[in-house]
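Undergrad: Using the sequences and the hints given, assemble the complete structure.
So in the numbering used here, the last one in the sequence shown is 415, and the numbering has no gaps at all.
Hints are computed from structural coordinates only; laboratory data are not their basis.
Wrong hints could be hidden among the right ones.
[To be verified] Simulated restraints on C-beta separations: (1) Asp321 - Glu205: 38 to 46 Å; (2) Arg408 - Gly234: 50 to 58 Å; (3) Gly216 - Met401: 19 to 27 Å; (4) Asp344 - Met401: 34 to 42 Å; (5) Thr246 - Asn335: 38 to 46 Å; (6) Ala385 - Gly332: 28 to 36 Å; (7) Arg291 - Asn389: 16 to 24 Å; (8) Asp344 - His311: 30 to 38 Å; (9) Thr246 - Ala398: 32 to 40 Å; (10) Ala198 - Arg367: 15 to 23 Å; (11) Lys407 - Ala198: 32 to 40 Å.
[Said to hold, decoys possible] With a straight-line Cα cutoff of 35 Å, these simulated DSBU-like cross-link-like pairs (lysine-lysine) come out: (12) Lys326 - Lys407; (13) Lys407 - Lys180; (14) Lys366 - Lys314.
Glycine is no exception: its CB is placed at the ideal position from the N, C-alpha and C atoms.
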Amino acid sequence: MKPTSVIIVAFVDNLLIDRAGGVVTVTLNRPEKKNAINDAMWNELLETFLAIANNTVEDRVVVVTGAGGAFCSGADIGGGRVEETNGLTSMRHIGDVCTALHSLPQPVIAKVVGVAAGAGLNLALGCDLIVASDDARFSEIFARRGLSIDFGGSWVLPRLVGLHKAKELVLLADIIDAKEAQEIGIVNRVVPATEIDAFVDDWSARLAAGPPLALSMSKRLLNQSSAVSLAQALEAEALAQNVNFQSTDTAEAMLAFVEKREPRFEGR
Numbered sequence: 148m149k150p151t152s153v154i155i156v157a158f159v160d161n162l163l164i165d166r167a168g169g170v171v172t173v174t175l176n177r178p179e180k181k182n183a184i185n186d187a188m189w190n191e192l193l194e195t196f197l198a199i200a201n202n203t204v205e206d207r208v209v210v211v212t213g214a215g216g217a218f219c220s221g222a223d224i225g226g227g228r229v230e231e232t233n234g235l236t237s238m239r240h241i242g243d244v245c246t247a248l249h250s251l252p253q254p255v256i257a258k259v260v261g262v263a264a265g266a267g268l269n270l271a272l273g274c275d276l277i278v279a280s281d282d283a284r285f286s287e288i289f290a291r292r293g294l295s296i297d298f299g300g301s302w303v304l305p306r307l308v309g310l311h312k313a314k315e316l317v318l319l320a321d322i323i324d325a326k327e328a329q330e331i332g333i334v335n336r337v338v339p340a341t342e343i344d345a346f347v348d349d350w351s352a353r354l355a356a357g358p359p360l361a362l363s364m365s366k367r368l369l370n371q372s373s374a375v376s377l378a379q380a381l382e383a384e385a386l387a388q389n390v391n392f393q394s395t396d397t398a399e400a401m402l403a404f405v406e407k408r409e410p411r412f413e414g415r
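TA: Right, here's the structure in full:
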């Protein structure tokens, strides 16, 4: 089944979700708060990520971005959530959102414009690829708010930039620009703000045209690489490749090579 080319737009209270050509774009939609994530948005993100994970045939690629010239300024701590509810329960719920994002089988691109701070930065880090506009800004801002790092940042940030650099970013809570973020390994690409939509559209289209099963297994193999031995990695690769060899997508790729045309992958 080919992904639909019809644009389908859905609104929930704090998110804008649209689907077109196998790409599902999740836009954080609280621009008046620089897309700070409140309780309702946490719930909506969890529901959205779980739904996308179960729709791998049509949803080939995920793009996460923010409305109104900002990516996400972090959690909305102005609502008194910790005082009004059990703080540990709330944080475990946020952890569920983080797990759902990291567990998505589809490739996920963060399209970052403006600020990505605190949980907003770690939301971007939870994606597989990050494309930033040249005016984007990044900060593990928690210490400035009297808080410790969360939303998976303590796990993913040292793996990207190294332990000592991660400590610098977290303990000092400095704001860095897109150029530095790329230099230290947080960002894949930095492009002019006027070109970021076209750039992400191109990457999304290329990924959406790729083999869903193979891409999802490669993503999982890479994600678990730091936790396994070489022998375990080789065995996992063998098992994944065995699935590919029995798939119609691999057969289609071989036929397309012989026929000198682009393959048409269906995700099975």
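Undergrad: Please go over all the hints and tell whether each is borne out by the structure.
TA: Now the hints, each set against the structure:
Taking the beta carbon of each, Asp321 and Glu205 are about 41 Å apart, inside 38 to 46 Å as hinted. Remark: the range hint 50 to 58 Å for Arg408 to Gly234 is upheld by a beta-carbon distance near 57 Å. Here the CB-CB span from Gly216 to Met401 is close to 46 Å, at odds with the stated 19 to 27 Å. Checked against the given bound of 34 to 42 Å, the beta carbons of Asp344 and Met401, roughly 35 Å apart, stay inside it.
The supplied range of 38 to 46 Å is broken by Thr246 and Asn335, whose beta-carbon atoms lie about 23 Å from each other. Roughly 30 Å separates the CB atoms of Ala385 and Gly332, a value that falls within the hinted 28 to 36 Å. A beta carbon spacing of about 50 Å between Arg291 and Asn389 contradicts the range 16 to 24 Å that was offered as a hint. Asp344 and His311 have their C-beta atoms about 36 Å apart, which keeps the hinted 30 to 38 Å range intact.
One distance hint, 32 to 40 Å for the beta-carbon pair Thr246 and Ala398, holds here, with the actual separation near 34 Å. Checked against the hint of 15 to 23 Å, the C-beta distance between Ala198 and Arg367 comes to roughly 20 Å, which is consistent with it. At roughly 38 Å, the beta carbons of Lys407 and Ala198 sit within the given window of 32 to 40 Å. Annotation: proposed proximity of Lys326 to Lys407 is violated, straight-line Cα distance about 40 Å (limit 35 Å).
Simply put, Lys407 and Lys180 have alpha-carbon atoms about 51 Å apart, too far for the 35 Å limit, and the pair is violated. Taking the CA atoms of Lys366 and Lys314, the gap is about 27 Å. The hint holds against a cut of 35 Å.
Comparing the model with each earlier hint shows violations of hints 3, 5, 7, 12 and 13; every other hint is respected.
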